[in-house]
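K.L.:
Sequence:
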Amino acid sequence: MGPILIINPNSASSVTQGIAAAIAHLAPVNGPAFEVTDLPASPATIMTAEDVARAGLGFAEAAQARPDAAAFVSACFSDPGVELTRTLVKQPVIGVQEAGILTAMARADLFGIIALAPGSVARHRVKIRAMGVESRLAAELALPGVSAEASGRDPEVYGMCVTLGRELAQKGAGAVVLGCAGMAPIRARLERDIGIAVIDPVQAAAAMALGLVGAPE
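To convert, note that position 170 of the sequence shown is 161 in the working numbering; the numbers rise steadily by one, no gaps.
Mixed in with the good hints there might be a few duds.
[What the hints assert, rightly or not] Subject to a maximum C-alpha distance of 20 Å in a straight line, what follows is the list of computed EDC-like cross-link-like pairs (lysine to aspartate or glutamate):
| no. | residue 1 | residue 2 |
| --- | --- | --- |
| 1 | K162 | E182 |
| 2 | K81 | D42 |
| 3 | K118 | D59 |
| 4 | K162 | E140 |
| 5 | K118 | E41 |
| 6 | K118 | D42 |
| 7 | K81 | E125 |
| 8 | K81 | E26 |
| 9 | K81 | D100 |
Just so you know, these hints were derived from the structure itself, not from any lab.
These figures come from a predicted structure and were not determined experimentally.
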């Protein structure tokens, strides 16, 4: 059985390394390995609709080039290329936003999201509506346009995440979804500091991929 290919659709190697570290504990003893990579031609942070579109094409091309893979994960919260790639390959294709939201709803009635930037919120809402789960969203609150790398490594940004997470809890959220794969390093600490479940969407997608692929024959 081939690997589960987790593609960070941006070019930030530090984010890619953080993703690999965050999912390492999920790797089965007997089963598909995780392979984590990125798209060097993409921007370091996917911030605009144009970034999403370009990254989506790159993700689709990368998936088509790996027929040996058991499954694919688009490791950006805007799920770039997921719908397109599902029409091009036979393997499971998972977006981290979709997986993160589904996991959050398994933990709590209402969930919240911490986004990288105000402009991301409307784009995420389109996916939430398409999933038919807008009634389960307590709120989505945004950081002031920080980079993917800073979202998981900058102490000042972490303080902002704590503030936003507590505000989401006050709005009724029982679980918070991290709105960027770059936030993976802060998941456990943030959960302790805000007192409610915090979902790393990449971990959620990796676990879902394992379930869809199943055990080796």
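K.L.:
All the hints need checking, so say for each whether the structure fits it.
P.N.:
Hints, one by one, checked against the model:
Using a Cα cut-off of 20 Å, the hinted pair K162 and E182 holds, with the two alpha carbons roughly 16 Å apart. Under the criterion of a C-alpha separation no larger than 20 Å, the hint pairing K81 with D42 is inconsistent with the structure, at around 26 Å. A threshold of 20 Å between alpha carbons decides the hint, and for K118 with D59 the separation of about 29 Å lies outside it, so the pair is violated. Of the supplied pair hints, the one linking K162 and E140 is violated, its CA atoms being roughly 28 Å apart against a limit of 20 Å.
Proximity of K118 to E41 is assessed by CA-CA distance (about 16 Å); at most 20 Å being required, the pair is judged to hold. Between K118 and D42 the CA atoms are separated by roughly 16 Å; this keeps the pair inside 20 Å, and the hint holds. Note on K81 and E125: the hinted pairing is violated, with a Cα-Cα distance of about 29 Å set against a maximum of 20 Å. Only pairs whose Cα atoms come within 20 Å are accepted, and K81 paired with E26 is accepted, the gap being roughly 18 Å.
Pair hint K81 plus D100 does not hold up; C-alpha atoms about 33 Å apart against a cutoff of 20 Å.
Of the hints listed earlier, those the structure fails to meet are numbers 2, 3, 4, 7 and 9, in rising order.
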